[in-house]
Amino acid sequence: MKLLRWLASLDRRVIYALVLIVTIIPLIWKSNPPIEVSPEVQMAYSSLDKVPAGGIVMFSIDYDGASEAELQPMLMAMLRHCFSRNVRVIMTAQWPLGMPLGQMALDSAAAEYHKVYGRDFINVGYRPGGNALMVGLGKSGFRQYFLRDFRGTPIDSAPFMRTVHNYGQIDRLVGLEAGASGDAWVQYAGAQFGLRIVLGVAGVMATSMYPYLDAKQIEGLVGGLRGAAEYEMLINHPHRGVWGMNSQSYVHVLIVILVILGNLTFYFEQRAKKRGPGGRGQGTGAGEQGPSEPQTERPA
Amino acid sequence: MLGTIISTWIAATLTIAILSFLYKDNPLYRFAEHLYVGVSAAFTVVIFWYQDVWPLLVGNFGDFLRAGNKVEAWILIIPATLGILMWTRFIPRVAWISRIPLGLIIGIGAGLGITGTIHGLVLPQLRGTMLPLVNPAGELGFGHGVLFIILVAALAYGLLFRRLTRGVQSWATFWSILTGLALYILLFGVLKVGWLKTALSVIAADNLLIVVAVITTILYFYFSREHKGLFGVGSRIGIAAIMISFGASFGYTVMARVSLLIGRCYFLINEWVLKGIVGPLRGIF
Chain A
1 MKLLRWLASL
11 DRRVIYALVL
21 IVTIIPLIWK
31 SNPPIEVSPE
41 VQMAYSSLDK
51 VPAGGIVMFS
61 IDYDGASEAE
71 LQPMLMAMLR
81 HCFSRNVRVI
91 MTAQWPLGMP
101 LGQMALDSAA
111 AEYHKVYGRD
121 FINVGYRPGG
131 NALMVGLGKS
141 GFRQYFLRDF
151 RGTPIDSAPF
161 MRTVHNYGQI
171 DRLVGLEAGA
181 SGDAWVQYAG
191 AQFGLRIVLG
201 VAGVMATSMY
211 PYLDAKQIEG
221 LVGGLRGAAE
231 YEMLINHPHR
241 GVWGMNSQSY
251 VHVLIVILVI
261 LGNLTFYFEQ
271 RAKKRGPGGR
281 GQGTGAGEQG
291 PSEPQTERPA
Chain B
1 MLGTIISTWI
11 AATLTIAILS
21 FLYKDNPLYR
31 FAEHLYVGVS
41 AAFTVVIFWY
51 QDVWPLLVGN
61 FGDFLRAGNK
71 VEAWILIIPA
81 TLGILMWTRF
91 IPRVAWISRI
101 PLGLIIGIGA
111 GLGITGTIHG
121 LVLPQLRGTM
131 LPLVNPAGEL
141 GFGHGVLFII
151 LVAALAYGLL
161 FRRLTRGVQS
171 WATFWSILTG
181 LALYILLFGV
191 LKVGWLKTAL
201 SVIAADNLLI
211 VVAVITTILY
221 FYFSREHKGL
231 FGVGSRIGIA
241 AIMISFGASF
251 GYTVMARVSL
261 LIGRCYFLIN
271 EWVLKGIVGP
281 LRGIF
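Chains A and B, in that order, are what the protein sequence lines are.
Our numbering applies: residue 1 is where the first sequence begins, and numbers increase by one.
Our numbering applies: residue 1 is where the second sequence begins, and numbers increase by one.
Computed cross-link-like contacts, DSS-like style, restricted to lysine-lysine with a CA-CA straight-line distance of at most 25 Å:
1. Lys50(A) / Lys216(A)
2. Lys275(B) / Lys30(A)
3. Lys50(A) / Lys115(A)
4. Lys139(A) / Lys216(A)
5. Lys2(A) / Lys274(A)
6. Lys139(A) / Lys70(B)
Keep in mind that the hints were calculated from the coordinates and are not lab data.
In isolation and in its complexed conformation, chain A is listed as follows (with noise of 0.2 Å):
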């Protein structure tokens, strides 16, 4: 019991602080710990892969740099899948914060593959619309909405955009998730105008989009940074994905032999509760106070 009540008094910094160091020590190793690929994520490798030599694939940043931990390693797998493949790429954002992360993995992944901005790949940049915008893409063309790049250059100066009029040209969508884009990319590009979509999603939200790949509404979904650490192993380029895996291992582990102590804490607490005042295994109170939240000293 003087265990229990150690747990059940035990300060959330110090679990913090566990949490911390587990994290911090496998990813100094930066080992390649085995990763089992998911169906869906090879899934999402086999429809990218699909794509010919000089076809084009739409990315679409819809995220900022909150989920940037999870799905900028997404982003530069599958960029590095398309470059290495010779596949043509033209970016955009739904999300204006997205823009600018989209170019950086850009910028990293073409100096890999020696790729040159206007002949393989384009970044157009972000546009305000939401729906309207996936529906008028599909209706009225590329060049209602997109006259010009992110830097200002008509679009058209590309030779491969020159081809490109509406969702007929573009062979795949990937759509990287932290919102309800996606939904979007899916009911509107997806349903309406038959648009090919892989989608890659925050963790947060992966459970969700798993009806649009059962429905076959989708051709693949890498979720979290598992599905990016899942993709990396199958370009046969383990980058932090799968670095941070072992990471992700050890806190799982961890946070499972924190909830079961807590859970038994919790039920020794009531069973000495039950016992009354005069029983045995009194309990310490710790209990009635619910979970502990961060304690503020903001003043009001």
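Based on these hints, arrange chain B on the given structure of chain A.
Then chain B, alone, in the frame of chain A:
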């Protein structure tokens, strides 16, 4: 090079400032928090102005006039006017005018939403749920195991453990599931009962689970009848399906939050410590 080192140091300092909140609230955290909000807002405004408002409105106006497309040029006055009308919200006397562009946005949104939802979500998802319940391949999968455990657990719960545990639901559920799991391992893993395997493999278990989960979840959200009897049983299965879905979402959420911490730690170790501190020091010494 120097610019990269300076920007890395700024990013690392701000990361540590934000993480310092885990110890306790402090002025450094608050500074970083406000800075993030301010910079994000400013960045969004700049992107909107230079990527959209200026090229699509002012730039296109000039381009169309130079190309002799006067109608296309002057038609841009309409969206520009509607955009300016939105700002009347800040003047209480004429704030009602902002309802005109808002009405237009809501109208377009609703129109697109209805067609998009029906054509892009409801119909494809209905098609996706109309699945064959017979398994032509005749192979056992993960779904078969789940189905077998659920069936055995349901029987054990109703016939045995509800009485044995004197109505303590949590223990009855626990022992029922454990019985299902033990029987599955015994019959399929140890004894390898052939006829049972053949009988179970006839069913397309994954499809059956999807169909049952969808129907029972919809039953749970049917409020025009009291959830009793067979209807109540269906509704309770629906709750179980929803809870499993919540559990999966929560698991993914934990993974996602840990990923964010990994992302920041990766940056601090590789970009800041190795490239921002160790790298320049190696250059000096």
